[in-house]
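> With the hints as your guide, set chain B onto chain A.
Just so you know, the sequences run in chain order A and B.
Using our numbering, the first residue of the first sequence is number 1, and each one after it goes up by one.
Using our numbering, the first residue of the second sequence is number 622, and each one after it goes up by one.
Quick caveat, the hints were computed from the structure, so don't treat them as lab data.
C-beta: ideal position from N, C-alpha, C; glycine also.
Be a bit skeptical, because a hint or two may be false.
[Unchecked claim] Under 7 Å between C-beta atoms, here's a sample of chain B residues computed to sit facing chain A:
| no. | residue |
| --- | --- |
| 1 | PHE699 |
| 2 | ASN700 |
| 3 | GLY701 |
| 4 | SER708 |
| 5 | LEU709 |
| 6 | ALA713 |
| 7 | ASN717 |
| 8 | THR836 |
| 9 | LEU937 |
| 10 | GLY938 |
| 11 | LYS951 |
| 12 | ARG953 |
| 13 | ALA957 |
| 14 | ALA958 |
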Amino acid sequence: MSLGVSGEMPAAITQSAVSANDFSLQVATANGSGSQTANNVLMRAIFRMGIPVSGKNLFPSNIQGLPTWFTIRASGAGYIARKREIDVLILMNPDTAAADVRDVRPGAVVICEKKLGVEKLRDDLTFYPVPFSELVMKVTAGSELAKLRKLIVNMIYVGVAAELMGIETAEVGEAIRRQLKGKTKAIEFNLGAFHLGLDYSQKTFPEKSPYRVERMNATAGKIILDGNNAAAIGCLFAGATVCTWYPITPSSSLCESFIDHCETHRKDPETGKMNVAIVQAEDEIAAIGMVIGAGWAGARSFTATSGPGISLMSEFIGLGYYTEVPSVIIDVQRTGPSTGLPTRTMQGDVLFVYTNSHGDTRHPVLFPSSPEECYLMAQQAFDLAEQLQTPVFVLSDLDLGMNNWMSDPFPYPEGAITRGKVLSAEDVERLKGDWGRYRDVEGDGIPYRTVPGTPHPLAAYFTRGSGHNESGVYSEKPEDYVRNVDRLKRKFETARTLVPGPVFEDRPRAVAGVLAYGTSHWGTVEARDRLSKEFGVELDYCRLTALPAPPSFRDWMQRHDRIFVVEQNRDGQLATILKDEYPEFATRFVSVLQYNGLPLDATTVVNGVLDAQPAPGRKER
Amino acid sequence: MSATVPSAPKTNRLGLAKSDYEGAKSTLCLGCGHDVITKQIVTAFYEMGVEPHRVAKFSGIGCSSKTPNYFLNRSWGFNGVHGRMPSLATGAILANRSLVGIGVSGDGDTASIGIGQFMHLLRRNVPLIYIVENNGVYGLTKGQFSATADLGATLKDGTVNDLPAVDLCSLAVELGCAFVARSFSGDMKQLQAILQAAIAHKGTALLDVISPCVTFNDHEGSTKSYKYAKDHEEPLHEIGFVPFFEDTLAEIPPGEVKDVTFPDGSVVRFHSVGRDYDPTNREQALAVLHESRQKKEFLTGILYLAPEQPSLPDVLGMTDEPLHQIPLEKVRPPKAALDAIMESLR
Chain A
1 MSLGVSGEMP
11 AAITQSAVSA
21 NDFSLQVATA
31 NGSGSQTANN
41 VLMRAIFRMG
51 IPVSGKNLFP
61 SNIQGLPTWF
71 TIRASGAGYI
81 ARKREIDVLI
91 LMNPDTAAAD
101 VRDVRPGAVV
111 ICEKKLGVEK
121 LRDDLTFYPV
131 PFSELVMKVT
141 AGSELAKLRK
151 LIVNMIYVGV
161 AAELMGIETA
171 EVGEAIRRQL
181 KGKTKAIEFN
191 LGAFHLGLDY
201 SQKTFPEKSP
211 YRVERMNATA
221 GKIILDGNNA
231 AAIGCLFAGA
241 TVCTWYPITP
251 SSSLCESFID
261 HCETHRKDPE
271 TGKMNVAIVQ
281 AEDEIAAIGM
291 VIGAGWAGAR
301 SFTATSGPGI
311 SLMSEFIGLG
321 YYTEVPSVII
331 DVQRTGPSTG
341 LPTRTMQGDV
351 LFVYTNSHGD
361 TRHPVLFPSS
371 PEECYLMAQQ
381 AFDLAEQLQT
391 PVFVLSDLDL
401 GMNNWMSDPF
411 PYPEGAITRG
421 KVLSAEDVER
431 LKGDWGRYRD
441 VEGDGIPYRT
451 VPGTPHPLAA
461 YFTRGSGHNE
471 SGVYSEKPED
481 YVRNVDRLKR
491 KFETARTLVP
501 GPVFEDRPRA
511 VAGVLAYGTS
521 HWGTVEARDR
531 LSKEFGVELD
541 YCRLTALPAP
551 PSFRDWMQRH
561 DRIFVVEQNR
571 DGQLATILKD
581 EYPEFATRFV
591 SVLQYNGLPL
601 DATTVVNGVL
611 DAQPAPGRKE
621 R
Chain B
622 MSATVPSAPK
632 TNRLGLAKSD
642 YEGAKSTLCL
652 GCGHDVITKQ
662 IVTAFYEMGV
672 EPHRVAKFSG
682 IGCSSKTPNY
692 FLNRSWGFNG
702 VHGRMPSLAT
712 GAILANRSLV
722 GIGVSGDGDT
732 ASIGIGQFMH
742 LLRRNVPLIY
752 IVENNGVYGL
762 TKGQFSATAD
772 LGATLKDGTV
782 NDLPAVDLCS
792 LAVELGCAFV
802 ARSFSGDMKQ
812 LQAILQAAIA
822 HKGTALLDVI
832 SPCVTFNDHE
842 GSTKSYKYAK
852 DHEEPLHEIG
862 FVPFFEDTLA
872 EIPPGEVKDV
882 TFPDGSVVRF
892 HSVGRDYDPT
902 NREQALAVLH
912 ESRQKKEFLT
922 GILYLAPEQP
932 SLPDVLGMTD
942 EPLHQIPLEK
952 VRPPKAALDA
962 IMESLR
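The shape of chain A in the complex, shown without the other chains (with noise of 0.2 Å):
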C-alpha cells in the first residue's frame, strides 16, 4: 500500500461498521492547558502502532483561553484527510462541552470530566466519565507537582483512551520519551499521569470502547512532520542563503524551523561563521523588499508569509516580475479576506498570487499536497525562479503547514542547482560586451543577466521598474514597452513547460474527472473512492500541482464533458482561472467548494459531487 500523494488508494470500508482502525479521535480543551503534547503522544502511539494517522489542531486565534480541538485520525485503509464525523470524544473544556457532545455521530464514545454532567444530554452515545480534577488533586496534593496539575491531567486522558481503545503501553511510552527528548523529569511524571489514567480504566470501565486500534504494518520507515518544516528542509537543501520574514500565523513556524536547521547545518566548521544571512523584517514589505535585493545580488532568496503578507507585498512582486529577479515566496494560506480566521486554513489566496501586483502580471505558483511536495516543491521553486528569472510562489495551507502529516522519509537531492542564464567576466569579455539585460536570445523569452560584483568593465546593467529597453535602459517608447511584455508573456509560456506537471488517475467507466490541487487531494481521493463503492459513480482524477498548466493538462480536460473542480475557497478561484485561460471548456466545470476554515472533509466532495451527478441508484444518501 502507498500512502503517497499520488498512490492508489486502497478499498475504503464502510462508514456504517464499527472495526478497527478506523475512527476520528477529538479532544476538546481550552487553549493553554498544554495538551498538544499529550494530543501527539497519542497521535504517535497509535502512528507506532503501524497505522495509518492525521492530526489536526483547530485552533483559536488565543494564547490562553479559548476552546481548541485536536482531532486525529486512524483509518486502517490510509485515509488522511480530516473526517467530519467524529467517532470518539475526548471532552475537557466545559465551555464546548454541551455543543461538543451534540455535534458527534451517534454511537460515539465520549471520554468526559465526570463534574461536566453530560451523560444526560444524549442517549444514543457511550459515555466514560471520569473524575479527571479528584484524581490530579490526589496524586498531586502536598507535592511539587501540584503547579503541574493543568498539564499532568492531559496525560491522564492518554491513559484512558489508551486503556478504552487498545492502545499500547509501551508504544505510548516510547511516545513520551520522543516527544520530551531526553527531559528526565518531565518523562517520569508524564509516564506516572498516564499510568494513573490506564489504571482508573481498568478498574472502573470494563466495557471498552467498540472504537479501537489493532496492530498493524503501515507506517513503518515513515516520519511525522508538518508541512512548514518540510518546506524549511527544502530550503536548506536548496541552498537557499537568504530568508526575510516578518511573523505571521500560520507561516511563521517555517522560517523558525529554517533558522533551527541552519544553526545546525550552516554554520561553517573551519570560519564559525554563517553561511546564512537570516532577517526578521519589520514588515512583509520590506521582507519581499530583501528577498528581491539579494535574489538580484545573485543569493537564492526566500520568505514565508500568509495572505495578509502577499497583499502588501504586491508592490514589489511587480518590481520583481517586471525587473526579472528570481526569489521564492512560499505563502501558507490563511482564511481570508482580512484579517479573517487566521488560525484556520482556506485556498483563498490562488487567483490573487498567481495575477498579483498591477499591470499585466503572471507568476508560476506551485501547489504542494504533502510534506514531501513542501520539501520538493521548495527546492523546485529556487530552480524555477533561477531559471525563469521571477518570482515563484509555493502555495501551501494551514492545514499542510501546521498539522502532523505522515510521510516517507525525503530524498537527497540529485545533481547541482540550476542557476539559469547566467553571464560571467568571461562570458562578457567573450561577447565583446554585445548584451542586453532583456534581449531574448533563445527565443524562450528568457534573457541573460549578471550578478552584481561580476569584475568586468562592460557587466553592469541598471535595473529599473520603469519602462525599460532590452538593454535595460529607461524607456516610453510604445515599441520597446510592447516588446518587453510580450517577451514576458513568452516567458510564461515556457515556464510552462518547466513547473511539474499535473497528476492523473483515470478510472474505466469513468463518468466525469474530478480536479484537485494542494491539500484539497486528500478529501477528494476518499470522496472518489467513495462515489465508487457506495454510489457506482467512477470518476477520472487530476491533482494539478502548478499553474500554468503543461500542455498535457489541455487534453485531460478535452476528454472530459463535466470537470468537478475540488477548491477549498467560496469563489471557485481555480475554476475562475481556468475558465480565463481554457473558454472552451468554460461550461464543463462544476464547482465543489469547502470554505468554513476546516480542512477538506470527503463528505463535502461526496455531496458535491453527488448534486450534479445522480448516482445509479446503488445507495440512498
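Below, chain B alone, put in the same frame as chain A:
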C-alpha cells in the same frame, strides 16, 4: 599618487580616469541641486579608487531616485519602488557584503512613504551610504510639501506648511546610526570630504543634504532655497578626509583638531570653527541638533561618527564570501544530515 608621464590623462590609484565613474546625462531641471551631488559622488568614488564593478546603487522613486543613473555607469543600479530602497539594499548587501552600497533618496521617499524602512535600516546598521537629497518638496509630482518642509515655510502659491519637519539627522542619531552628516549641495568642499569618509565607513552613513529644487522650492519663503541655505549654513567644523592609501593632511589648516580613525586606517580630521564640538559624542550630537532646531539654525558637518560600530552582517555572524559564490557542498548539507533530520521525525 606617484608622478606620471605629464601627457597621460589623470587617473586614480586603479589607473581609472574620472570618466570611468560618470553616468548617463541627467534629465533633471537645469540648476538642480541633485546634479551637483551627482558630480560630487563621481569625484568621491574616483578619488577613493573604488572599483566600479563593486558598487551597487539603489534608489526609490522621485527626482533624487533618478540620479543613480547619472553616476557610475560601470556599476550595478537598482531603481525600485517608492520608499522601499532600504529593504532592496539590505537584501543585496547581505547577499554580497563585498559590494559598496550607495542609496540615493529624497525627502518624500525617505521621510514620508519610506520612513519605516529608513528607520529600520538605521537600526540594523546596514553597510550603505544613504544620501537624502532634501529639498522639502515633491518635485516629480509638481511641488507638494514633503515631511521635511519646515514649519511656516511657504509654497510658490503661498500655501503655508503648518506641520513640523521630520529631522532625519536627529532620528538617525537616536536610532543608533554611527555616521550622521548634514550638508548642502552648494558646499562642495564639505560634501566631498563627507562623501569620501562615508565610502570608508562600514555601516550606514546617513547624509542629509539640502539640495534646492530650482523649479518648485527656490523662492522667497522657502527654507530649502539656495539663498536661504547659503545665508543660514553654519558649519560645525571643517572636515578633512585622508583615505588609508594616502598619508598627508595637506588641506587642513592648523588649529585645534580632532582625528577620528576608521578601522582601515583612514582618518577624518575635524577642525573646529568657533564651536567646541565632539562628533564622537552621541549625547552632544542630540543636544546640539535639538538646540539648532529651536534656533532655526542650519548646522552642517558630521554630526556623529562611531566607525567601530558592528554592522548587520557582523551582527548576523555572516561569512565574508558573497553568498552566491559559496560552493554547493557548503550550502547543501550532506546526505547524513538529511538522514539525521529524518530520524528525528520517526
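> Which hint numbers doesn't this structure obey?
Going through the list in order, the structure violates hints 8 and 13 and respects the others.
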